[in-house]
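Chemist: The primary structure of each chain is shown beneath.
Number of protein chains: 2
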Amino acid sequence: MRKEDMILVSIDDHFIEPPDMWKNHVPARWQGEVPRVVRNAEGVDQWVFQGQATSTPFGMAATVGWPSDQWGFNPGSYSELRPGCFDVHERVRDMNANGVLASLNFPTMAGWNARTFAEGEDKELGLVMLRGYNDWVLDEWCAAYPGRFIPLGLVPMWDVGLAAEEVHRIGRKGCRSVSFLETPHVQGYPSFLSGYWDPMLKALCDEDMVLSLHIGAGFDVIRRPAEASVDHLMVLACQISAITAQDLLFGPTLRRFPGLKVALSEGGIGWIPFYFDRIDRHYSNQSWLHHEDGFGGRLPSEVFKEHILACYITDPSGLELRHRIGVENIAWECDYPHTDTTWPESPEFAWKEFQDAGCTDAEIHKITWENACRFYGWDPFAHTPREQATVGALRAQAADVDTTRMPKEEWRRRNEAAGIGLFEGMR
Amino acid sequence: MRKEDMILVSIDDHFIEPPDMWKNHVPARWQGEVPRVVRNAEGVDQWVFQGQATSTPFGMAATVGWPSDQWGFNPGSYSELRPGCFDVHERVRDMNANGVLASLNFPTMAGWNARTFAEGEDKELGLVMLRGYNDWVLDEWCAAYPGRFIPLGLVPMWDVGLAAEEVHRIGRKGCRSVSFLETPHVQGYPSFLSGYWDPMLKALCDEDMVLSLHIGAGFDVIRRPAEASVDHLMVLACQISAITAQDLLFGPTLRRFPGLKVALSEGGIGWIPFYFDRIDRHYSNQSWLHHEDGFGGRLPSEVFKEHILACYITDPSGLELRHRIGVENIAWECDYPHTDTTWPESPEFAWKEFQDAGCTDAEIHKITWENACRFYGWDPFAHTPREQATVGALRAQAADVDTTRMPKEEWRRRNEAAGIGLFEGMR
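Chains as they are written, first to last, in full-length UniProt numbering: chain Y, 1 to 427; chain F, 1 to 427.
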């Protein structure tokens, strides 16, 4: 097996929602109230919903086209971005250039948990837009290139009954997962342990869909010192996946829903062997704590393995200990267009780590596509013959894709000259 | 090398302070105000200081003698405990039975950070008792068996100037370390990042003493769900050591004090390779964050290794990845008399993990005593010839030590019959 023979399915990427996304997915009577992007005098594009400026979807969320000295939290404009961030046709070209067969995309403007719709005052309007978002994901973004995207939807967190309904609705349309908060109690919602979310979890099991819990949502679970720099957030984000696993495993959410599948998106994998050592030793050593609420004769690590997909971008130590994690439980990610992405050298990056860790061909296939496809219930070859799904075959289609990083100003100049990033009604 | 040839120096054990500890270490005029233990009608022993009941030092803190079905948070009495918890002569016998040459003991009643003295209203009185505590540690507990204990003191957190003074005072008396809070900001104190603690950190560097940060102090750094069971605390405690390391490393406390040495006591080691992968990738990938506040041309993991001793009781995954942690940075712990201790089978437990991980003899020596002794600046053979310091030699002296676990009630019966655990003035 060579690097070019790998098949890459990434279950953690992101899009920057385009301003015209609701055009075809919200009934006419609501069209006047869909979220809009307004470009201000400084050239910054700003989403506005229900009269409130909600977010500017740029800065750190879409750095893929820029040199790293331009990364930061400054707001910006669509025309400064690499078009693959918001344009599905350009995205597929960028995937080809990186040898990536398929991708699951998390929201940006909407928030991991549909925050933008949940926080608006008018919840009826929020639900219309949330459903419009999901329909855009399914019927427009993913439908544009069958076989290239694993659909991920959102649920209305403000009402668990509606959330369960929405799971069923999008499940029937072929959606494979929903994004949710990793530590909902930190944002003022009931915790996973509370039982409040059970109807939604049941719906996910019924539809055989995955609960995708992306890092970042739970930053505030750690009480950071006031003086802490942004490094704290970026470094410690993955430690929070262990906290989430603990909530689910000892909650005991996972034991109440034998069919529940949870992806710890971007959570990393290297913390897991240590966590397994700890929970299994704890379980046997502190047996006095588990008289009534047992793990059914299994070790906590075994229950974890039955339910959780551990996801990583780069993780040399975790790969070295893959036998302790369970090679069936590991899935690779690309993270386009965030700062941590390995695009456009993902095949080189992943391949080197596999070789350094001594992975076999079979292990590489499990980690790069087999585990993700099994877990998300998604057939990678339904639309793409296997021989056309490889890194080598996809890259061969992308010889004309320029992957050079360029300053924002240059992107703006080029994009605006070509009419890219300027949407109807933005001014 | 055989199991019996190991030399075990544990840098994490605990004593249950005996009620008469201030008798010889507080001037006569304060003797009427020293903390006292009162035994109530239910037979529970309770510390009282400045008119306030402060803590009952039992339950989970001293389970070493009991079967695990009696573990729990219930308060108890001295006479229910294995006497090695509070009696130095019995402790040394228990150490011999476990093949342990030397031990560093954390407080129980006083709290990791001398909480009991810090929380009292009268700070002058608190300081008298804190100094009395330190003098008892140095001049009584440790002095009773030269070469068997590495002295650990406390500092008055309510005044950093006094804390620095106390470091110098006990440093001159031969103390090798102080215990402190791993995340002081969570308890309402200034954070490590604030600079407030710098005079104390400078004093530690001047005295070449170690800052020992034991897990547990920072539990509340994680916002746990209201429904979380005690499993959360016990499992996640080690994740907090990563948070502490982040505070110190990016603070940038460690870089301002090139001589500062920090032990992450009971923090475990298996999280470190993942943390190193993360911080080193972050540092190189997010170079835009580090223009002014660099690591001096080194990787963050290299700075960690220069300052931090990583400590563990049982850690199969961490040992397997010791080459990624740095075998010079790992130290073994016993944790007598807590629930997580491996006493009295520590040699068997540690030896099996070393064998499973394929450790060489040289690596075993580093992990079991060399690293700890170098780090704490403590010569293990000053009072004990090396050939008498081994597991085999020490155990040979302890043939008469009964290590059987017995119910509390049996301990009480036996101890009280022998006059053990009943101190002057307790009733």
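Please note that the accuracy of each hint is not assured.
Below are the DSSO-like pairs computed for lysine-lysine, each with C-alpha atoms no more than 27 Å apart in a straight line [said to hold, decoys possible]:
#, chain 1, residue 1, chain 2, residue 2
1, F, Lys202, Y, Lys352
2, Y, Lys305, F, Lys352
3, F, Lys305, F, Lys202
4, Y, Lys352, Y, Lys408
5, Y, Lys123, Y, Lys202
6, Y, Lys202, Y, Lys305
FYI, nobody ran anything at the bench for these hints, they're computed from the structure.
Chemist: Please list, smallest to largest, the hint numbers that this structure does not respect.
Modeler: 1, 4
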